[in-house]
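Please model the entire structure based on the sequences and the hints provided.
Mapping of the sequence shown onto the numbering used here: position 88 corresponds to residue 88, and the numbering continues sequentially without gaps.
Note that these hints are calculated values from the structure, not bench results.
We put the CB at the ideal spot given by N, CA and C, even for glycine.
One should not assume that every hint holds.
[Said to hold, decoys possible] Restricting the straight-line Cα-Cα distance to at most 20 Å, the calculated cross-link-like pairs of lysine to aspartate or glutamate (DMTMM-like) are: (1) K9 x E27; (2) K9 x E76; (3) K9 x D87; (4) K9 x D60; (5) K73 x D87.
[As the list claims (entries may be wrong)] Here are the simulated distance ranges between beta carbons: (6) D87 x D16: 18 to 24 Å; (7) M46 x P88: 29 to 35 Å; (8) S56 x V2: 35 to 41 Å; (9) V2 x T70: 16 to 22 Å; (10) P88 x A62: 22 to 28 Å; (11) L4 x H65: 18 to 24 Å.
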Amino acid sequence: MVALDAWAKALRGRTDDLLAAARAMAERILAEVGPEGFTAAARAHMVGPLLFQARSGRLDPAAIHRACSTPSKALEIARALGVEVDDPPPHG
1 MVALDAWAKA LRGRTDDLLA AARAMAERIL AEVGPEGFTA AARAHMVGPL LFQARSGRLD
61 PAAIHRACST PSKALEIARA LGVEVDDPPP HG
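The following block contains the structure:
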């Protein structure tokens with residue numbers, strides 16, 4: 001249990017990396033599909049709400065913390081944004 005708690009704490013500590021990755025992804029999508037295609041592309045993405053917030057300048061640490069409400073959700077978001085994170089330790 002201690003290892004799992006330490007892993008979750010380390011994952012929560014990656015907020016700045018998640019912010020940067022979401023902002024970069026929003027910029028990349030905008031560059032690839034333009035303003036006209038951004039909405040459809042962001043909606044199709046698992047982290048669409050974060051991409052919309054990044055594009056509008058409203059993405060902040062609090063938004064990341066709300067989106068990453070559980071360690072499993074944080075892991076899912078990190079992977080979707082291409083942020084390398086350690087796998088959770090085995091439990092049992």
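Worksheet item: Taking 20 Å as the top limit, are the C-alpha atoms of K73 and D87 close enough?
Response: The given pair, whose Cα atoms are some 13 Å apart, holds under the 20 Å limit.
Practice prompt. Hint says 18 to 24 Å; check whether the CB-CB distance for L4 and H65 agrees.
Written response: Given about 19 Å between the Cβ atoms, the range holds.
Worksheet item: Between M46 and P88, is the Cβ distance one that fits in 29 to 35 Å?
Response: Because 19 Å falls outside the window, the suggested range is violated.
Item to complete: Compare the distance between the alpha carbons of K9 and D87 with 20 Å, and conclude whether the hinted pair is satisfied.
Response: It holds: about 13 Å lies between the C-alpha atoms, which stays within 20 Å.
Discussion item. Would the hint linking K9 and E76 be met if the CA-CA limit is 20 Å?
Written reply: Roughly 15 Å between the alpha carbons, so the hint for K9 and E76 holds.
Worksheet item: Should the hint that P88 and A62 are 22 to 28 Å apart at their CB atoms be regarded as holding?
Response: holds, 24 Å
Practice prompt. Could you check the hint for me, namely that V2 and T70 are 16 to 22 Å apart, CB to CB?
Written response: holds, 18 Å
Item to complete: May I ask you to test the hint 35 to 41 Å on the CB atoms belonging to S56 and V2?
Response: holds, 40 Å
Worksheet entry | Outcome of range test on Cβ distance (D87, D16; 18 to 24 Å) | holds, 21 Å
Discussion item. Checking one constraint from the list: CA of K9 to CA of D60, max 20 Å. Satisfied?
Written reply: holds, 19 Å
Worksheet item: Straight-line Cα separation of K9 and E27 no greater than 20 Å?
Response: Roughly 29 Å between the alpha carbons, so the hint for K9 and E27 is violated.
Violated hints, in rising order: 1, 7; the structure is consistent with all others.
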